[in-house]
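Peer 1: We have chain H already, so just place chain V on it with the hints.
First to last, the protein sequences are chains H and V.
Quick note on our numbering: the first sequence kicks off at 9 and runs consecutively.
Quick note on our numbering: the second sequence kicks off at 24 and runs consecutively.
Be aware that a few hints might be false.
Listed next, the in silico SDA-like pairs over lysine to any residue satisfying Cα-Cα at most 25 Å (straight line) [claimed, not checked]: (1) 398/V - 388/V; (2) 398/V - 348/V; (3) 496/H - 71/V; (4) 224/H - 169/V; (5) 224/H - 388/V; (6) 224/H - 71/V; (7) 38/H - 62/V; (8) 624/H - 355/V.
Everything labelled a hint here was simulated from the structure, so no lab data went into it.
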Amino acid sequence: MKILSFLRGEGSVKEKEIATMAKTSEPIIKYVPTTCPYCGVGCSLYLVVNGGKVVGVEPDKRSPINEGKLCPKGMTCWEPVHSPDRLTKPKIKKNGKFVDATWDEAIDLIAKKFKEISDKNGPKALGFQSSCRTVNEDCYALQKFARVGFLTNNVDNCARICHGPSVAGLSLSFGSGAATNPFEDVLNSDLIVMWGSNAFEAHPLAARRVIQAKKKGIPVIVLDPRYSATARLGDEWIRFNPSTHIALANSIMYWIIKEGLENKAFIAERTKGFDDLKKTVEKYADAEEIHGVPLEKVKDFARKYAKAKNAVIIYCLGITELTTGTDNVRSMGNLALLTGNVGRPGVGVNPLRGQNNVQGACDMGAYPNVYSGYQSCLVPENSAKMEKAWGLKEGSLPNWYGSTLTEQINEAGNPIKAMYFMGLNPVVSYPDSNHVMRQLEKLDFCVMQDIFWNESCEYADVVLPGTCFAEKDGTFTSGERRVNRVRKAVDGPGEAKYDWEIIAMIAKKMGLKGFDWKSAKDVWDDMRACTPNMFGVTYEKMEKPESVHWPCPAIDHPGTPILHVGKFSSADGKGTMFGLEYRPPAEVADAEYPFTLMTGRLIFHYHTRTQTDRAKELHYEVPESYIQINTLDAKKLGIKENEKIKVSSRRGQIETRARISDDVPPGVTYMTMHFHKGANTLTNTALDPLSKMPELKHCAVKIEKIAGAA
Amino acid sequence: MAKKGDMLYAWTNDSDLAKKAECGGAVTELLKYALESKTVDAVLAVTRGVDLYEAVPVIVTNPKDLDNCAGSLHCGTILLSKLVMEYAPDIAGKKIGMVVKGCDMMGVLELAKRNLVNLDNIVMIGVNCGGSVSPVAARKMIREKFGVDPDKVTKEEIDRGQFIIEYEGGHKGIKMDDLEDEGYGRRSNCRRCKVKIPRQADIACGNWGVIGDKAGKATFVEVCSDRGAALLTKAVDAKKLSTEPADPKGIELRAKTEKSMLKLGDKWRERDFSALAPRLWETIGAETARCMKCYACIDHCPVCVTRPDRFEQPALMVRPGFVPADPMFHLRRFAHISDSCINCGQCEECCPSEIPLALFSHAIRTEADKFFEPKLGKPVYTN
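This is chain H alone, in the form it adopts within the complex (with noise of 0.2 Å):
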């Protein structure tokens, strides 16, 4: 929020300024239209720039995005830009000490021991992982730099702990791991069914649509153990047991079956799997024991949603974030097929991406198993590709899949050596702090670019100083497939540089071609070159606000907000239903750990609190961890409201701070993954075995008072 200092006496009017300007001809206030640092959705706004400072936020009514709205994250996007605490120059660990460091320095070190190691130990040795919250043309650089500079396919990102599920759940069902329709679609549903999402939290201006859409008269049912500020939106709130998505959804699907409601021509002509899927969800006509919904609740789910002329499912980490992820998410792909809800206004499967650029990050290929527009390395033909764009020897590309995001992490040591980390916080992000660290302990050499010192810093050898949101060109990819413009409004603090820029100085030092890119543009074209469902998206037509939504496979071609309309981008054209079975989670609740651990996000944070909890009224709204506690729980255990208690896992202790209610049912608990010390140091590392997903969503933990606590 914008302060009104001078007008207290606190600011000083200087005298010169109007004249120095004018002469200089830069305006006073610079009006800066980008895109929001935060979530999936992809918010415009103006920063404002004055005297080379962003001074504030201003809305863009012009964008078909938010029409100038924004959440309060977005609200103060601004702040953490000009932080003192930025970092400002390289950081090189001497003696243990970090010690300031000249950029040659830096990169000469870096140059040299990633070089060093790879020669001694293999492409195998090595470990990048790029952030999904930087611009697409980071991403790319970095994959590239990966694959180009070590023959190496161990580069992931972060989307792999988010929508890593999705993308591998929405591929196998729909022949594209991305959001089905735009954000905007909603309004032209019968029905909106919102499943495993809090999306009034995590994605304010996607609930905006549905608040637009509920406003017009269309039912939104909200499904979701917890009753969630997107539960009290919804017409309808169904709780079910956490983690018990196939269940329920064969349970509807069954009574959909049962009573004739599939759409049998859309099943004939666009679908395969019928069969397979009819034979499982027989087992589940009364599933209630597992999923804890009554049967009459369930059969009238599935009428209204089968009955719906149009129905749309918007889902999330709820779905996700389980060790039954991308069984989770083809449970969505079976609901839409089985109605005939794909490939139209109004319908569809539509996971909200919860980073601003999660959706770019995977497109960039910063993927271990896919170049740029999800070319699959496993193909010999791309890699050949590949191989020619980037100038490569013919055949030397890797054919192996890499190691993912947390695999990465446990191969710290062994086989793993060194690893460059852009744009992550390991330590607070990702299950199980306790083993993040210590594997972290066990590399030759770590490598953190980022742009403050996060609480994962200690473990690095170098920390670089890259550039913000604020102080750069490139593109963040949407979760509706559009590619929006960030633009530069200031200049990175002290030596910051870009990062893609930082990437190129040392795949220069070491020798390689192809990183004598000038500009961020020079990245994107150097990918569109490379990648046919996005070589049409040109910097150029993302000038106006509505910009392309990708595939846009021709420079004369319109882009493609809705996927799948007439055939599936699969392989044969069609969608796939599969028989899917209910699998509990990796880890439930028993005598000793008597508690569901359920996890989120708040409104007022984003992930690990670097930059918002540099805003003030942030700051002011959520300072520390808490848990929410069912009533009934609470009682028993003699816990009162805000008291301290602690709260264990298998895997670590915390404490935090208890917040009363029956949102959640008893037996179940919820934390928010924002604090350090926090959730992650309970949750689990058990992956999901298709998408290598780690559990973050479901663990069994217990609670006990701290003597003398308030």
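Peer 2: Showing chain V alone in chain H's frame:
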């Protein structure tokens, strides 16, 4: 020698500017002259952004740069009142010229009542405003009601109760009443607005009432203050502007236009307020129960200025960290602006939860104005 109360036709003597500007370009010329003559040190105006649907504020110190601000943008739903003090505090103490619609002007006057701006330092050139259309809504309206690709539109205007567009291959006008009955058209706060000619500015300009051979070639100017009169006189003396007395029939026509706009404003007030009246508490309760606490309604409100120590206060009724916001989050704001809400509509337009905030606060003020003596003194404007 112009004086307060004069009604004139005015036009620029700069033929290049005349081509670029609308209706004689008097507004742009007056501001240019104000800068050139050092009457003001800077001008706060609005320029076109990526296309004609986007308006972006600029602070201009070089008179030539004002050429880019010529013309009108009916999709520019921005409010300028708070902007300088927020983003360019370095200008405090300097003289500034502003182009103001009714809401911009009322916002400045409200800030002045609170001693937050010094009116001695602000020259306000008012422009008539019959209301504005939010950019995305305008594009939708043009696509759906005019059947025209909004990217092909080269000019838009609101004239004689019609929304008119020119586009590659033709022009088309539709009655605003018809558009609004179907849910298109101006922002709902604009529909209720009754400050169509900003007479508390120094000069009020517009195209209403320009008839005869001057139609489309001159600006109708009403001189509203001595300072406005002095500026106009000097600009004429410097041969920047030409003026002639307005045609009496034009004056009559302008008054008629204004009267019909005010009547329309009353019609919308009656419609909106009477719909709200029977279930007032329930409606306010239900709508504000979606609040996600973005603080936009406070940040963008020209009469909300927050305390620097607001986050150090004990929280009794608005608990930090809870969404939807506790009811007092909004009740305290409604109370705070109860006799000052200018119905600029920013709170509502910027609300991510689609809460009709301006409707609530405008209704509160309108009813309160009819009943109480205002605590900050009677405003010089009537809305």
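Peer 1: Hints first: check each against the structure and report whether it holds.
Peer 2: Results of checking the hints against the structure:
no.	hint	verdict
1	398/V - 388/V	holds (12 Å)
2	398/V - 348/V	violated (28 Å)
3	496/H - 71/V	holds (20 Å)
4	224/H - 169/V	holds (23 Å)
5	224/H - 388/V	violated (28 Å)
6	224/H - 71/V	violated (33 Å)
7	38/H - 62/V	holds (24 Å)
8	624/H - 355/V	holds (21 Å)
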